[in-house]
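Listed in order, the protein sequences are those of chains A and B.
Mapped onto our numbering, the consecutive letters of the first sequence carry residue numbers 3 to 115.
Mapped onto our numbering, the consecutive letters of the second sequence carry residue numbers 6 to 122.
Careful: at least some of the hints might be erroneous.
To be verified - One-sided excerpt, in silico: chain B residues whose CB lies under 8 angstroms from chain A:
hint : residue
1    : Tyr38
2    : Gln49
3    : Met50
4    : Leu52
5    : Tyr59
6    : Lys60
7    : Arg68
8    : Met100
9    : Leu110
10   : Phe112
11   : Thr114
12   : Arg117
If you are wondering where the hints come from, they were derived from the structure by calculation, not from laboratory data.
Glycine residues also receive a C-beta, built at the ideal position from the N, C-alpha and C atoms.
Listed below are the residues making up each chain.
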Amino acid sequence: DSGVTQTPKHLITATGQRVTLRCSPRSGDLSVYWYQQSLDQGLQFLIQYYNGEERAKGNILERFSAQQFPDLHSELNLSSLELGDSALYFCASSDRDRGETQYFGPGTRLLVL
Amino acid sequence: AQTVTQSQPEMSVQEAETVTLSCTYDTSENNYYLFWYKQPPSRQMILVIRQEAYKQQNATENRFSVNFQKAAKSFSLKISDSQLGDTAMYFCAFMKHLNFGNEKLTFGTGTRLTIIP
């Protein structure tokens, strides 16, 4: 158990819909990262938050957004879903003062029908 | 931008044997970290081992060790006495060191390792 939790584990929805994925980092970790794992794109970095502020953006679509709350949990919002958004979405957390290693949650499997 | 290359899409080895997975990377950075993550059929991403670029000594974790060649930009993973539970997808990953905060991981495409009973 990495200490990072993600909900839900599985999500099935239809095209055009909006979903929210939730992540709770390891206790004390200030950084939260979101990654997408798909068959054709591999593991790709989407976005990073550090102590409530956006720190870096990767290949994140405009239809996707995220935020980190004062209690440090994070949410990834995916809207106007397309079939190609079906993927495994990982959250990871780390903290510089405890080493830069990122620990991953179990992921949320999203299937868009 | 950094790139990570894993040239072996699939490998298989007999149980109890030793296997080496290859990884090369390209970067202009001098300070960085390298990681191997394991993804078993459960799809969980599990840290196997990490290496700081400023350390000359190769990292080891029980049966897992790395051969880090900074000049050659090579970072291979050796698994000794392989076990059935080692069957998984293995990802090599690069992370730039920042003076403030943390940095994203850049992953290779993975090597699917199968341990044969």
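Do the hints match the structure? See the list:
1. Using the Cβ-Cβ criterion of 8 angstroms, the hint placing Tyr38 of chain B at the interface with chain A is satisfied: the shortest such distance is roughly 6 angstroms.
2. At its closest, the beta carbon of Gln49 of chain B sits 5 angstroms from a beta carbon of chain A; the interface hint therefore holds under the 8 angstroms criterion.
3. Look at Met50 of chain B: its Cβ gets to within about 4 angstroms of chain A, closer than 8 angstroms, so that hint holds up.
4. The beta carbon of Leu52 of chain B is positioned within 8 angstroms of a beta carbon in chain A (closest approach about 6 angstroms), and the interface hint is therefore held.
5. Taking 8 angstroms as the C-beta cut-off, the interface hint given for Tyr59 of chain B is violated, the closest approach to chain A being about 13 angstroms.
6. Taken as an interface hint, Lys60 of chain B does not check out: its beta carbon lies about 13 angstroms from the nearest beta carbon of chain A, beyond 8 angstroms.
7. A hinted interface residue such as Arg68 of chain B counts as satisfied when its beta carbon comes closer than 8 angstroms to some beta carbon of chain A; here the least separation is about 19 angstroms, so the hint is violated.
8. Hint on Met100 of chain B holds. Least Cβ distance to chain A is approximately 6 angstroms, under the 8 angstroms limit.
9. At about 6 angstroms, the closest approach between the beta carbon of Leu110 of chain B and any beta carbon in chain A falls short of 8 angstroms, and the interface hint on this residue holds.
10. Because the closest C-beta pair between Phe112 of chain B and chain A is about 4 angstroms apart, less than 8 angstroms, the hint holds.
11. Restraint check, Thr114 of chain B versus chain A: the minimum CB separation of about 5 angstroms is within 8 angstroms; hint holds.
12. Checking Arg117 of chain B against chain A: minimum C-beta separation of about 13 angstroms lies over 8 angstroms; hint violated.
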